[in-house]
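**Q** For reference, each letter of the sequence shown is one residue, going 113 to 682 in this note's numbering.
Source of the hints: derived by calculation from the structure; they are not laboratory data. Any given hint could turn out to be false.
To be verified - Here are the computed lysine-lysine pairs in the DSBU-like style, where the Cα-Cα straight-line distance is at most 35 Å:
#1 K670 / K291
#2 K517 / K351
#3 K552 / K481
Claimed, not checked - Restraint-style ranges between C-beta atoms, simulated for each label pair:
#4 Y371 / H516: 36 to 42 Å
#5 D472 / K351: 53 to 59 Å
#6 N479 / K552: 42 to 48 Å
C-beta atoms are modelled at their ideal positions from N, C-alpha and C, and glycine is treated no differently.
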Amino acid sequence: MAEEENYTKDGTLDYRNNPANKKKTGTWRACPFILGNECCERLAYYGMSTNLIDYFTNQLDQPSATASKNLSNWSGTCYITPLIGAFLADAYLGRYWTIASFSIIYVIGMTLLTISASVPGLRPTCYEKDVCSATGSQTAACFVALYLVALGTGGIKPCVSSYGADQFDDADEFEKVHKGSFFNWFYFSINIGALIASSVVVWVQVTIGWGWGFGIPAVAMAIAVSFFFLGTRLYRYQKPGGSPLTRLCQVVVASLRKYRVQVPLDQALLYETTDAESAIVGSRKLDHTNELSFFDKAAVETQTEQNKGTINPWRLCTVTQVEELKGIVRLLPIWATGIIFSTVYGQMSNLFVLQGGYMDTRVGPSNFKIPEASLSIFDTLSVIFWVPVYDRYIIKITRRFTGHKNGLTQLQRIGIGLFISIFSMVSAAILEYVRLGIVKRHNSYGVKEAPISVFWQVPQYFIIGCAEVFTYIGQLEFFYEQAPDSMRSLCAALSLTTTALGNYVSSLLVTIVMDITTRNAKPGWIAKNLNYGHLHYFFGILVLLSLLNLGVFIVVAKRYTYKKPVGTLR
Numbered sequence: 113m114a115e116e117e118n119y120t121k122d123g124t125l126d127y128r129n130n131p132a133n134k135k136k137t138g139t140w141r142a143c144p145f146i147l148g149n150e151c152c153e154r155l156a157y158y159g160m161s162t163n164l165i166d167y168f169t170n171q172l173d174q175p176s177a178t179a180s181k182n183l184s185n186w187s188g189t190c191y192i193t194p195l196i197g198a199f200l201a202d203a204y205l206g207r208y209w210t211i212a213s214f215s216i217i218y219v220i221g222m223t224l225l226t227i228s229a230s231v232p233g234l235r236p237t238c239y240e241k242d243v244c245s246a247t248g249s250q251t252a253a254c255f256v257a258l259y260l261v262a263l264g265t266g267g268i269k270p271c272v273s274s275y276g277a278d279q280f281d282d283a284d285e286f287e288k289v290h291k292g293s294f295f296n297w298f299y300f301s302i303n304i305g306a307l308i309a310s311s312v313v314v315w316v317q318v319t320i321g322w323g324w325g326f327g328i329p330a331v332a333m334a335i336a337v338s339f340f341f342l343g344t345r346l347y348r349y350q351k352p353g354g355s356p357l358t359r360l361c362q363v364v365v366a367s368l369r370k371y372r373v374q375v376p377l378d379q380a381l382l383y384e385t386t387d388a389e390s391a392i393v394g395s396r397k398l399d400h401t402n403e404l405s406f407f408d409k410a411a412v413e414t415q416t417e418q419n420k421g422t423i424n425p426w427r428l429c430t431v432t433q434v435e436e437l438k439g440i441v442r443l444l445p446i447w448a449t450g451i452i453f454s455t456v457y458g459q460m461s462n463l464f465v466l467q468g469g470y471m472d473t474r475v476g477p478s479n480f481k482i483p484e485a486s487l488s489i490f491d492t493l494s495v496i497f498w499v500p501v502y503d504r505y506i507i508k509i510t511r512r513f514t515g516h517k518n519g520l521t522q523l524q525r526i527g528i529g530l531f532i533s534i535f536s537m538v539s540a541a542i543l544e545y546v547r548l549g550i551v552k553r554h555n556s557y558g559v560k561e562a563p564i565s566v567f568w569q570v571p572q573y574f575i576i577g578c579a580e581v582f583t584y585i586g587q588l589e590f591f592y593e594q595a596p597d598s599m600r601s602l603c604a605a606l607s608l609t610t611t612a613l614g615n616y617v618s619s620l621l622v623t624i625v626m627d628i629t630t631r632n633a634k635p636g637w638i639a640k641n642l643n644y645g646h647l648h649y650f651f652g653i654l655v656l657l658s659l660l661n662l663g664v665f666i667v668v669a670k671r672y673t674y675k676k677p678v679g680t681l682r
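With the sequences and hints as input, model every part of the structure.
**A** Rendered as structure tokens:
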């Protein structure tokens, strides 16, 4: 019976209340189950989504621009729903139960998608290979399934990386050193799943059929759920700290109520609990910072409040609570600079695939054709190559010059990735310019496959993969480390919304560009037949936006102040 008391309500060992359990749980003991879960879940997600634009254009018979916008909108939703999952995890359910419950929704969505592509009456009617039509109800069934998947992924994306990082104790010097490596290998596991998805699963979709092509990802998702539950008794459990939005609102309201109150020069006079632990469940105390001093008014204890003896949180907040809000506000400029990068990244499963469809996809002298969506395998291979190189070599080399324990700071790492990503769009624009030149010389506008190998797309995929290792992994670590302890899922979701907004920006740019360039009966830059379009101009716009975005990032990164937890190793 005594042993059972060491377990929390979700069945995990509680190492906070019983330090003896610390040796039995967490660290790399628990991480294989989390990494295995993420690998299989990403296999399911990318196996279903990598070639989705071809499903829209060839099976649902949607025009290129419409398919591109639908894919961008759905992809964007997949990265907005994490705000829902993150709020529930931080406020009420905890990360464990949020992942578990939303995984069920995910599996239901994947199953329905498989049925919609397999069952007669629900699947589109095909007259020959890739010549199909879909009724309104068939299209609706497909999109209902897709948006169920979007909801399901909303409970997993913001929680699983944070849950993995939770297995390493910030207060333990040995464990804290390994946390940075966890984020690298977490992203590595994502790309192992993506590698299988972009090669095997896409090949199945193109050569065997979409029923099997969606069925395999559905099975992979079921395996992912099993992986997660197998590690239950090895996980460390972080208690939810109550509604973070309520606490943030309390600081704003208290500050506004005291807008005439002067903030004392001595920060020791600001209100904070006398206990060693923060009053916020699951959160450490934070040191006071001088920025955004208006919000410090919420922590000024007036004579009236001293006389009452009781604390009204809508009138008086602790320094830690004020610093939580400041931390979120400081993150926002860095967060905003991730949107354009996500717009660039999103082209891999969107316009890169459309571009590849107008190139020669044959491999060698044989008639074997590689699906154009499978070119994303080179992005995955790039990540798989660069993650160990970064973890084993780049950190050691840069450490000699910077003196930083991780070689580069998180913001330096993100900035380098933003710079590298520009060259991916440059490469894509040059390739499209060359491809159109070949089409013009051969006068082959009516022929879909230009006599130029699709493998000329490899550089643009490989460059994006390299940029990912710097920017996306840097963002994962940055938003986890800089988030208030009790808001880590919410901040992980916040970082993911850049991907959502990046997809929405892509959709908006396509809409604007097509509205302007299709006037006077012109085919537009992203024409139904790309041989009549100017896709390289669109890539050029993304180059200019990326350069502008990099400049903004450099300015805001120089002004950023890192959070200061009390008693934490730095």
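**Q** Against each hint, give a clear statement of whether it holds in the structure.
**A** Hint by hint, here is what the structure shows:
| no. | hint | in the structure |
| --- | --- | --- |
| 1 | K670 / K291 | 25 Å, holds |
| 2 | K517 / K351 | 30 Å, holds |
| 3 | K552 / K481 | 24 Å, holds |
| 4 | Y371 / H516: 36 to 42 Å | 40 Å, holds |
| 5 | D472 / K351: 53 to 59 Å | 57 Å, holds |
| 6 | N479 / K552: 42 to 48 Å | 27 Å, violated |
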